[in-house]
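Asker: Listed here are the chains, written in short residue letters.
There are 2 protein chains.
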Amino acid sequence: MKKRQRKCHFSTLFVYINESRRNRSDTSANLNNINAMLLLRRCHSLTRFGSLITQRHQVTPAVASCAARLCSSSSSSEDHRSHQRVHSLSWKHGLAGLLAGTGAVLAYGLHHHHKAERADIGVQTLKKSSSLPVFSQEEVTKHRSLEDGIWVTYKGGVYDITEFVAMHPGGDKIMLAAGGALEPFWALYAVHNQEHVLEILSDYKVGELNLEDLKKQQAVKSSDPYSSDPERHPVLRINSLKPFNAEPPPEILSDSYITPSAFFFKRNHLPVPQVDPASYQLHVEGLPGGVLTLSLEDLKTRFPKHTITATLQCAGNRRSEMNKVKLVKGLNWGIAAISNATWSGARLRDVLLAAGYKPDVAQWARHVQFEGLDTDVTGTTYGASVPLNKAVSEEGDVLLAYEMNGEDIPPDHGFPVRVVVPGTVGARNVKWLGKIIVSAEESSSHWQQNDYKGFSPGTDWDTVDFKSAPAIQELPIQSAITTPADSATIDRSDETLTVKGYAWSGGGREVVRVDVSLDGGKTWQVAQLRSGEKGQAPEPSPPPGRAWAWKLWEITAPLPPDAQELEIVCKAVDNSYNMQPDTVPPIWNLRGVLSNAWHRVKVKIREDEDEE
Amino acid sequence: MKKRQRKCHFSTLFVYINESRRNRSDTSANLNNINAMLLLRRCHSLTRFGSLITQRHQVTPAVASCAARLCSSSSSSEDHRSHQRVHSLSWKHGLAGLLAGTGAVLAYGLHHHHKAERADIGVQTLKKSSSLPVFSQEEVTKHRSLEDGIWVTYKGGVYDITEFVAMHPGGDKIMLAAGGALEPFWALYAVHNQEHVLEILSDYKVGELNLEDLKKQQAVKSSDPYSSDPERHPVLRINSLKPFNAEPPPEILSDSYITPSAFFFKRNHLPVPQVDPASYQLHVEGLPGGVLTLSLEDLKTRFPKHTITATLQCAGNRRSEMNKVKLVKGLNWGIAAISNATWSGARLRDVLLAAGYKPDVAQWARHVQFEGLDTDVTGTTYGASVPLNKAVSEEGDVLLAYEMNGEDIPPDHGFPVRVVVPGTVGARNVKWLGKIIVSAEESSSHWQQNDYKGFSPGTDWDTVDFKSAPAIQELPIQSAITTPADSATIDRSDETLTVKGYAWSGGGREVVRVDVSLDGGKTWQVAQLRSGEKGQAPEPSPPPGRAWAWKLWEITAPLPPDAQELEIVCKAVDNSYNMQPDTVPPIWNLRGVLSNAWHRVKVKIREDEDEE
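So the protein lines, in turn, are chains G and B. Take 1 as the starting number for the first sequence in the working numbering and just add one per residue. Take 1 as the starting number for the second sequence in the working numbering and just add one per residue.
Treat each hint with caution, since some may be false.
[Stated by the list, open to error] For each label pair, taking beta carbons as the anchor points, the in silico distance ranges come out as:
(1) 561/G / 449/B: 53 to 61 Å
(2) 486/G / 466/B: 47 to 55 Å
(3) 251/B / 307/G: 52 to 60 Å
[What the hints assert, rightly or not] Derived lysine-lysine pairs resembling BS3-like cross-links, with alpha carbons at most 25 Å apart:
(4) 467/G / 326/G
(5) 522/G / 324/G
(6) 522/G / 435/G
(7) 435/G / 358/G
(8) 522/G / 324/B
(9) 522/G / 522/B
(10) 467/G / 326/B
(11) 522/G / 534/B
(12) 467/B / 534/G
Since the hints were made in silico from the structure, they are not lab data. Glycine included, each C-beta is placed from N, C-alpha and C at the ideal position.
Make the full structure from the sequences, and use the hints.
Answerer: Here you go:
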């Protein structure tokens, strides 16, 4: 079968949210509105959604007007105009590319074929259509490439999704199912378990699987891979349940300098693997001495135990603020996808030396790759890499950690062993570590190559070239206000206002100052920094370039006498004097990462009433 | 003599510029206006100067109105009101502290005594007043502290400047002259050679020096210490002649990836010392093995020659943009106090190892101090320090450089040996290197302790605590537009516009992207980066964390069809994804350092006329 032509038009647009609980933030309110649009098919006004979302107050009317036209029929010429408008807005991939490897917000642009025999298929059920041919599994399996066509099966139906591949919100992960059944993947990515996803699929039906092969398929139990995920603390705000992604409420975050493990933000890409510590093995590969295999006991006894305090932050922390500018792809994190813990374990440097690392290795090796024990149904593991010089430097402090806050690392955080790469984006701190590979190349994983990179605000899914940007490693200067909450009300009789927050910078750069403004950035005051629990002695000052832990900050200022509303702003400075950018739109990027503009919170001042 | 009370009020305000040539930029125009205000004494409207300068179009009327009132007399009550207003604006030190160790813009707040016998002295000449007592040099020399009073002599007059010390625009350097003659210092800091400085001095006259001691003083020749400074290229824009500080025109800067030494920006703090390479000695101190002394020949033959390409940038680069917001202390640099060169020499690491450095030294040592051979009249040398880990790291690439761009380092750049600390602010790259000291402490020099530090925009000279901020080492992400120039005119018939500039980040962080906007920051395009001379192969990609050299960038874009004026903006991103702040006011600081907001240039589009 020759590669099909890619001419196509959109006639359907889906926006939905998965089953996760939602924050009570403004953004969530918007997303709830968006959620109300589930299954709004052929609603042309939705094609304007991209520009409307930039002015968030206009979203609700847009939804209403769209809902009113929900069931209006549309001629094919209208469909065509709609398509052109979408295309000119560069939404083709802008919508289709959302949400690779994540589970929260998903926008689907359904790709309709120009082929005459499909133009009027419309919504189909998944029931058998006796008019369609019957295929064997063997025939289906032959269709595993764009050249041969991409076929998949679902509940006995055979689907040719060749032309949908480029539109898949989850990116090229869809290719994992090529030539086989969708069920095990949909069990992994629960976001697919919604009615309209079946409707999209139905448009691509080309035949039936023969009964014998269907029975074989059904014999393979597809259990929920997330069923053994650990219990979590109910206070966490969940951004995605499967895989589990959640953050603590901001006001809890700044209560403790060391974040209790239960409250530490959780960012999983796959189900939590169950690892038996007794049989756990860590393989170290790529060095001249061959493979070194270590047990957990080896790690604990053969190498000095080293402890650091380090803050980890997700690349997507504060993504919700970018979503307010224009929808991005990714979990809708608030300001709390960052936490601080103590970590103990063997130094990666010591383990690499034991495995045969010598300085001449640096002549050909450039990276150290990590593979997790968390896998998808094909056995593909989570993976990432860091530069070799960070891994082997004494001052890099990279740990193979087996303790978090003085106890065994909890399952959600990588039991029994995770990498802690202090100063580096969370995504490289691989959990449930199974393998270390010293290499000339970066990790080839999706998350290293085609995710977790930053782009210009002018780059969209039509123009993005993931090879053009470096994988995020060190993160830039960051700070946020944890108290008061946005939209809080302050009593005039309080006379003063206390503002609290956190500040951190990547690369071991120490936060040296946090400026706070109560007037939207016109005037600034310097906050007090804290590097230890309140009332206790601060942590000792870190050596230069090794400030891995955040600072908590606080300032108490008189309430401005005439103001009825305050716009509280914070910005931090690190010891390389890097500053945060003022505003979000100029740093907006399609993946919604690196959101570190000044953090802004508005509060109202309630004038006192005569109560006495 | 008891310490005098510090109660005082301002009645006079001086703002002047030294004899340097001026840029043709907007800021210089303002400063020319300011220059017109020389000797505007008792002109109260000048006390509003601080707020007016923030809206630069209002400066000229303010000057005019002030000039009109130039010679109006003022009652003492008016003086008093004036003082209160100044004080409430926190100008007390704001004016007085300007320009320590530099030579360009200087604003004097003249301190009038409340003492009745001085209240009406007014402007005095320096002629002998027979009513004043005669002192011996011995008596003068006893007054060298705030406790005993600070006395100085000038051309036979004796002056008690105790109360002026805190007001001195040059900071505590004035104490160097305590108990002695001013002449040798004024020869060094030529900015004092202006009539109104003499007028200020006259207010403090307390007596005459006896004739015998005056003759002795005059026997000591006070020659111009700058007379042996080298010739410079006439294209340089001079910000200060003595000491010499100059930058190339921006459009020349981006012509060459490697800046020719003649065009490389020059930032001297003191006269250029004349060093005989044959007798040159470098002393390395502070290590267990005792002092190591090396000749130039030793440096060249005993250690491997190492070459790097590294950009140096003055902490005050782009200070003129901060001056537009509110006057700061320091040389009024444009955007070209940054240049790129190749540097060859011995690694500091290798020299320290030869001098006895071992890893256990790091248990007590934290810093490596450098002393230049450039001195003021007291023999105080220029000095700075860098963290020990930077100095001894193989990856730090710190050089004791004896070549610049393949030739002996020119006198203005440190002949015969300077330190090159790549990725670190220019001020730590000590020229004419005489001594290296491994130490537990930072350099105690003025430039390390009380200069070259960043503060919050809310910090003024009343509240600043230099101990509260770290000495600038690594610099933050930076970029600027070199072509077109601000206020340039573009012909509509050109159809396209080419924008060029540079981008660099400190700490070895590589510039990975430059975004350019033609509409003031609403939309952005990605510029092409270049890391070599045009048409030649680019420099090889640096190892991670060792990107010491800038990137030049360029973008050619169609002229927007309807625009009559363009606001061109650039912003760069480094590989830690640090971004530049959007605007200047929130990063404004009293010393005018670290000016790295988006760079903005406005150009006009000239519509075509019918010429054919």
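Asker: Look at each hint and say if it fits the structure.
Answerer: Hint check:
no., hint, in the structure
1, 561/G / 449/B: 53 to 61 Å, "39 Å, violated"
2, 486/G / 466/B: 47 to 55 Å, "36 Å, violated"
3, 251/B / 307/G: 52 to 60 Å, "54 Å, holds"
4, 467/G / 326/G, "24 Å, holds"
5, 522/G / 324/G, "23 Å, holds"
6, 522/G / 435/G, "51 Å, violated"
7, 435/G / 358/G, "19 Å, holds"
8, 522/G / 324/B, "16 Å, holds"
9, 522/G / 522/B, "22 Å, holds"
10, 467/G / 326/B, "43 Å, violated"
11, 522/G / 534/B, "43 Å, violated"
12, 467/B / 534/G, "24 Å, holds"
Hint compliance for this structure: hints 1, 2, 6, 10 and 11 are not met, and every other hint is.
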